[in-house]
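Asks: Those sequence lines, one after another, are chains R and F.
Each step along the first sequence adds one to the number in our numbering, with nothing skipped, and position 230 is 282.
Each step along the second sequence adds one to the number in our numbering, with nothing skipped, and position 138 is 369.
Honestly, I wouldn't trust all of these hints.
Claimed, not checked - Result set (SDA-like, lysine to any residue): computed pairs, CA atoms no more than 20 Å apart in a straight line:
1) F:K431 <-> F:N388
2) F:K283 <-> R:S194
3) F:K312 <-> F:L416
4) R:K285 <-> F:G374
5) F:K283 <-> R:N99
6) R:K195 <-> F:Q330
7) F:K283 <-> R:G183
As the list claims (entries may be wrong) - Non-contacting residues of chain R with respect to chain F, defined by C-beta distances greater than 12 Å in every case (computed):
8) V71
9) L83
10) P213
11) C216
12) L256
13) H278
Rather than coming from a laboratory, the hints here were simulated on the basis of the structure.
For glycine and all other residues, C-beta sits at the position ideal for the given N, C-alpha and C.
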Amino acid sequence: MKLNTEFMRETFIASLGGVPKTFLITILTLLVSIPIAFSMALSKLENKNVSSKIVTGYVSLIRGTPIVLQILFIYSLLPSTLNYLIKDVFGLSYNIFKMNKIVYAIIVFSLNNIAVLTELFRSALGTVGHGQMEAAMTVGLSKRQAYARIIIPQALVAALPNLCNTVIGLIKNTSLAFLMAVQEITAISKMKAASGYYYIEAYLMIALIYIIVCTVVQLLFAVIEHQLSGYKKRLAV
Amino acid sequence: MLKVKNVSKAFKDNQVLKKVDLEVEKGDVVVILGPSGSGKTTFLRCIDFLEKADGGEIEFDDIKTDLNHASAKTIEKIRKKSAFVFQNYNLFANKTALQNVTEGLTVARKVPKAEAIEIAKKALDKVGLSDKYDSYPVQLSGGQQQRVGIARAIAVNPDIILFDEPTSALDPELVGEVLKIMRELAKEGITMIVVTHEMKFAQDVATKVVFMDGGVVVEEGSPKEIFTKPKEERTREFLMRILPDFDYTI
Chain R
53 MKLNTEFMRE
63 TFIASLGGVP
73 KTFLITILTL
83 LVSIPIAFSM
93 ALSKLENKNV
103 SSKIVTGYVS
113 LIRGTPIVLQ
123 ILFIYSLLPS
133 TLNYLIKDVF
143 GLSYNIFKMN
153 KIVYAIIVFS
163 LNNIAVLTEL
173 FRSALGTVGH
183 GQMEAAMTVG
193 LSKRQAYARI
203 IIPQALVAAL
213 PNLCNTVIGL
223 IKNTSLAFLM
233 AVQEITAISK
243 MKAASGYYYI
253 EAYLMIALIY
263 IIVCTVVQLL
273 FAVIEHQLSG
283 YKKRLAV
Chain F
232 MLKVKNVSKA
242 FKDNQVLKKV
252 DLEVEKGDVV
262 VILGPSGSGK
272 TTFLRCIDFL
282 EKADGGEIEF
292 DDIKTDLNHA
302 SAKTIEKIRK
312 KSAFVFQNYN
322 LFANKTALQN
332 VTEGLTVARK
342 VPKAEAIEIA
352 KKALDKVGLS
362 DKYDSYPVQL
372 SGGQQQRVGI
382 ARAIAVNPDI
392 ILFDEPTSAL
402 DPELVGEVLK
412 IMRELAKEGI
422 TMIVVTHEMK
432 FAQDVATKVV
442 FMDGGVVVEE
452 GSPKEIFTKP
462 KEERTREFLM
472 RILPDFDYTI
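Turn these sequences into a full structure, and let the hints steer you where they fit.
Replies: Here you go:
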């Protein structure tokens with residue numbers, strides 16, 4: 053078998069055009085899900101009441117279903133539901149079916165990511181000993197101040213390796229956005245491939261782009277971790 | 232100055248404290264002794280609201296409240312008048328020694344930063360850590376960490392310092408450096424309540440010794456009374472076990 057290198061070059065360049073969209077979905081998803089997941093993790097740790105039960109139920113529901121199923125569900129259900137709400141309940145004339153499909157992608161990935169990140173943050177917050185919270189209380193800090201100044205900075209550092217995993221997982225999952233007709237890396241390559249039946253070439257290029265993107269993200273996290281974890285080093289610098 | 236009365240606390244079915252009373256006058260060094268599981272640490276933690284007592288009252292200067300129904304504001308007031316030294320130091324791992332000490336000043340008490348740093352440096356000098364201002368807890372030995380813990384406590388100029396087994400987690404050769412500082416604080420007239428197993432410290436420094444067992448105060452008195460002529464059988468048994476050369480007159 054001989055690979056069509058010219059096609060590969062073309063596909064690579066064309067698919068690179070999907071990278072900004074992949075990043076856009078990833079970053080917006082993180083911006084939506086991180087604060088929500090963090091407050092859900094805190095509610096799970098701080099109160100053992102109804103809200104923490106709801107959080108637990110939500111996390112189990114999301115973790116118990118494949119992301120493809122979540123995408124199919126939301127993509128079939130959400131547009132018509134929104135249309136009904138806008139037209140019949142609020143009486144507006146906005147055409148929901150014209151809305152950029154990327155919004156649905158962000159909604160699905162956020163719903164999914166919130167569940168993953170809630171557990172991630174909960175375990176990270178757990179790594180900071182309860183004693184430090186007590187010490188903060190005894191020197192007169194409020195709970196909020198203790199979280200902001202003592203607990204969360206350390207939990208973040210503890211969360212970084214897992215957060216890196218999650219972000220990379222999210223980036224790779226955005227390839228599923230082609231199911232929602234979003235023109236990201238995978239969708240562009242697949243379309244190019246279909247035009248000339250050069251599937252293997254196209255898949256190789258998709259892989260190459262994801263490897264590059266994910267490596268960059270890993271390096272970025274390594275740098276951040278190095279910057280933030282100075283207090284863990286045994287020898288003074 | 233500090234009066235706590237009728238403190239009760241249960242963990243599930245385990246009644247840890249059964250109506251414990253304690254009175255502390257200004258300048259007192261109260262040492263609480265007792266076998267493990269006797270409730271002494273829980274009692275100390277209830278005073279600073281680290282543990283919510285099931286019942287009991289506290290009177291601290293002009294603040295008076297129920298231990299179970301204290302408002303957040305009252306708790307904050309009492310915490311700002313007191314300081315706590317933990318068995319496991321509980322230093323803020325992401326802060327340097329100096330920042331560990333300034334935290335309670337700048338954030339909780341709104342002391343200007345420059346002034347807070349001055350106070351913190353003085354406190355660290357006092358515990359013999361003038362060369363460790365910028366070290367993180369992980370870079371310090373256990374004894375040094377506990378001394379930072381003590382500096383953090385004295386820097387806020389509290390009316391009382393509560394010590395919860397401050398030397399129990401330390402290697403034997405590091406115990407001395409921490410006790411030495413506590414002796415100095417006692418000499419300066421700082422009021423403290425100390426839960427400890429250091430009998431020598433209790434004998435030399437305490438103005439009052441409280442012996443607890445099974446969630447009640449069995450006996451209290453001056454060190455001389457407790458160590459040379461304890462009235463209660465349980466106190467005698469405990470002292471005999473813990474002091475090999477214990478000898479009392481009947």
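Asks: Work down the list of hints and note, for each, if the structure agrees.
Replies: Results of checking the hints against the structure:
1. For the hint linking K431 (chain F) to N388 (chain F), the alpha-carbon distance of about 27 Å lies beyond 20 Å, and the restraint is violated.
2. Taking the CA atoms of K283 (chain F) and S194 (chain R), the gap is about 17 Å. The hint holds against a cut of 20 Å.
3. As the CA atoms of K312 (chain F) and L416 (chain F) are separated by approximately 17 Å, the hinted pair is consistent with the 20 Å bound.
4. A distance of roughly 19 Å separates the Cα atoms of K285 (chain R) and G374 (chain F); the hinted pair therefore holds under the 20 Å criterion.
5. Restraint check: the Cα-Cα separation between K283 (chain F) and N99 (chain R) comes to about 16 Å, which is no more than 20 Å; the hinted pair holds.
6. A threshold of 20 Å between alpha carbons decides the hint, and for K195 (chain R) with Q330 (chain F) the separation of about 18 Å falls inside it, so the pair holds.
7. Using a Cα cut-off of 20 Å, the hinted pair K283 (chain F) and G183 (chain R) holds, with the two alpha carbons roughly 16 Å apart.
8. Every beta carbon of chain F lies more than 12 Å from that of V71 (chain R), the smallest distance being close to 35 Å; the non-interface claim holds.
9. Listed as outside the interface, L83 (chain R) is consistent with that label: its C-beta sits roughly 25 Å from the nearest C-beta of chain F, beyond the 12 Å cut-off.
10. Non-interface status of P213 (chain R) relative to chain F is upheld: no Cβ of that chain comes within 12 Å, the nearest being about 17 Å off.
11. With a minimum CB-CB distance of about 20 Å to chain F, C216 (chain R) clears the 12 Å threshold, and the non-interface call stands.
12. Against chain F, the non-interface label of L256 (chain R) holds: every CB pair exceeds 12 Å, the least being about 45 Å.
13. Every Cβ of chain F is farther than 12 Å from the Cβ of H278 (chain R); the closest lies at roughly 15 Å, confirming the non-interface assignment.
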